[in-house]
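Residue numbers (the numbering used here), protein chains in the order written: chain P, 1 to 82; chain Y, 1 to 350.
Source of the hints: derived by calculation from the structure; they are not laboratory data. A quick note: this is a predicted structure, and the numbers were derived from the prediction, not measured. A portion of the hints provided could be inaccurate.
With a straight-line Cα cutoff of 20 Å, these simulated EDC-like cross-link-like pairs (lysine to aspartate or glutamate) come out [said to hold, decoys possible]:
#1 P/16 / Y/178
#2 Y/295 / Y/342
#3 P/16 / Y/182
#4 P/16 / Y/170
#5 P/77 / P/50
#6 P/16 / Y/342
#7 P/16 / P/50
#8 Y/257 / Y/219
#9 P/16 / Y/324
#10 Y/295 / Y/259
#11 P/9 / P/69
#12 P/16 / Y/174
#13 Y/69 / Y/34
The chain contents come next:
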Amino acid sequence: MSDSEVRQKVRDFLLKYVKDDELEDDDNIFELGYVNSLFAMQLVLFVEKDFGIAVGRDDLDFRNFNSVDAIVALIGKSGAKA
Amino acid sequence: MSESVAEVAGGHVKCVVWDLDNTVWDGILLEDSDVTLRPGVVEALRELDCRGILHSIASRNEHEAASAKLAELGILDYFLFPQINFGIKSQSIKAIAEAINIGIDTLAFIDDQPFELDEVRHAHPAVTCIDAAELPELVNMPCLKPRFITEDSALRRKLYQDNIRRVSAEESFEGPQEAFLETLEMRFTIARANEDDLQRAVELTERTHQLNTTGKTFDYDELDALRKSDRHMLFVNSLEDRYGTYGKIGLTLVEKKDDAWVICLLLMSCRVMSRGVGMIMIQHLAQQARATGVKLQAEFVETPRNRMMYVTYRFGGFEEVARDGDWSLLQLSEDRPVAFPEYVKVTVDE
Chain P
1 MSDSEVRQKV RDFLLKYVKD DELEDDDNIF ELGYVNSLFA MQLVLFVEKD FGIAVGRDDL
61 DFRNFNSVDA IVALIGKSGA KA
Chain Y
1 MSESVAEVAG GHVKCVVWDL DNTVWDGILL EDSDVTLRPG VVEALRELDC RGILHSIASR
61 NEHEAASAKL AELGILDYFL FPQINFGIKS QSIKAIAEAI NIGIDTLAFI DDQPFELDEV
121 RHAHPAVTCI DAAELPELVN MPCLKPRFIT EDSALRRKLY QDNIRRVSAE ESFEGPQEAF
181 LETLEMRFTI ARANEDDLQR AVELTERTHQ LNTTGKTFDY DELDALRKSD RHMLFVNSLE
241 DRYGTYGKIG LTLVEKKDDA WVICLLLMSC RVMSRGVGMI MIQHLAQQAR ATGVKLQAEF
301 VETPRNRMMY VTYRFGGFEE VARDGDWSLL QLSEDRPVAF PEYVKVTVDE
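Produce the complete structure using the sequences and hints provided.
Written out as structure tokens, the structure is:
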């Protein structure tokens, strides 16, 4: 999967949950301070299932998930092939 | 903590799955529409229901005809997620465990056919299989005797029935999840545990595995002592929404050290799994700790089933400061903003 495909897939996923049609790739999706733990879990499972990677305890940091850019970087770092 | 494994295993069944032909009623419905209830069935259904044990069905029958007969006999309402079809029963059992969202090892299956009992036993060795001939003794079986029967136990079936209506509303709702959660008009209450809460609190520590940060269990006296201790805070949470109450669904134990509050246990019933309320108690403690001028820390003990709670802490701004095998100590970052979600009204009773 190319970088732009990864990015598009992440955006498509987030737009199902984030009430913002103008989501920028560096927007902090958790900036209001409240993170719905259900959404957090769905986000982690999305990254693992759709990109075939395992997110370890050290990487389960909200900063790795707080924007499109951060999630794409995490997937890139984990060497996703799927 | 002090009880033996055998005692814990004692009342472990949360749902009894019933066969119909020659188990619930005498006769075979497909052959004779005039079947009659077996003696003792209604009494057993009612008694177990009061104990907070759920009922379901795994029967090879025509769904509509069997449902109509159950309604005519006045017992249809007892059964959650009845599986009335011509598939294999081990599959039906699995579907029931998933629909209710409980471990398959908490199911009992009662049938008159040795073949069906063997098939289920073979596929799911953890399911308690009971021969229908044992019906007269059913309510006396230790596996069907919960150690405590609380107000929440007797409400359990209603809680699940309310939830079926919620889920159907959720499935037909189009739009972002938070927008759906707003339609529920949820009210989350945080209160210090009082004596009336303790039996339910013990039950929560024993029954809750997925949304449980450390898996610590306590008996009644231990919790009573912690409730009164100056060095501890014991909180109970409840949740209600427009469909009804979820009952007492959360328990949190905090140890007050000189420079930090440590969350030793935080759990939420799986009833509220998809309600987006998992972080509220943590946010409340974060606000209180900040106001008191102490750090907020949390113990975590990893199990194969509680990853969601680890994610909850980490996404809530906690960092690991110590780790030893499955155990770790997390600490809330100082700069992390705290806020309650907009879709829940939070009430603090202190």
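Now for the hints, and whether the structure bears them out:
{"no.": "1", "hint": "P/16 / Y/178", "in the structure": "10 Å, holds"}
{"no.": "2", "hint": "Y/295 / Y/342", "in the structure": "26 Å, violated"}
{"no.": "3", "hint": "P/16 / Y/182", "in the structure": "16 Å, holds"}
{"no.": "4", "hint": "P/16 / Y/170", "in the structure": "15 Å, holds"}
{"no.": "5", "hint": "P/77 / P/50", "in the structure": "15 Å, holds"}
{"no.": "6", "hint": "P/16 / Y/342", "in the structure": "18 Å, holds"}
{"no.": "7", "hint": "P/16 / P/50", "in the structure": "15 Å, holds"}
{"no.": "8", "hint": "Y/257 / Y/219", "in the structure": "23 Å, violated"}
{"no.": "9", "hint": "P/16 / Y/324", "in the structure": "38 Å, violated"}
{"no.": "10", "hint": "Y/295 / Y/259", "in the structure": "6 Å, holds"}
{"no.": "11", "hint": "P/9 / P/69", "in the structure": "12 Å, holds"}
{"no.": "12", "hint": "P/16 / Y/174", "in the structure": "10 Å, holds"}
{"no.": "13", "hint": "Y/69 / Y/34", "in the structure": "9 Å, holds"}
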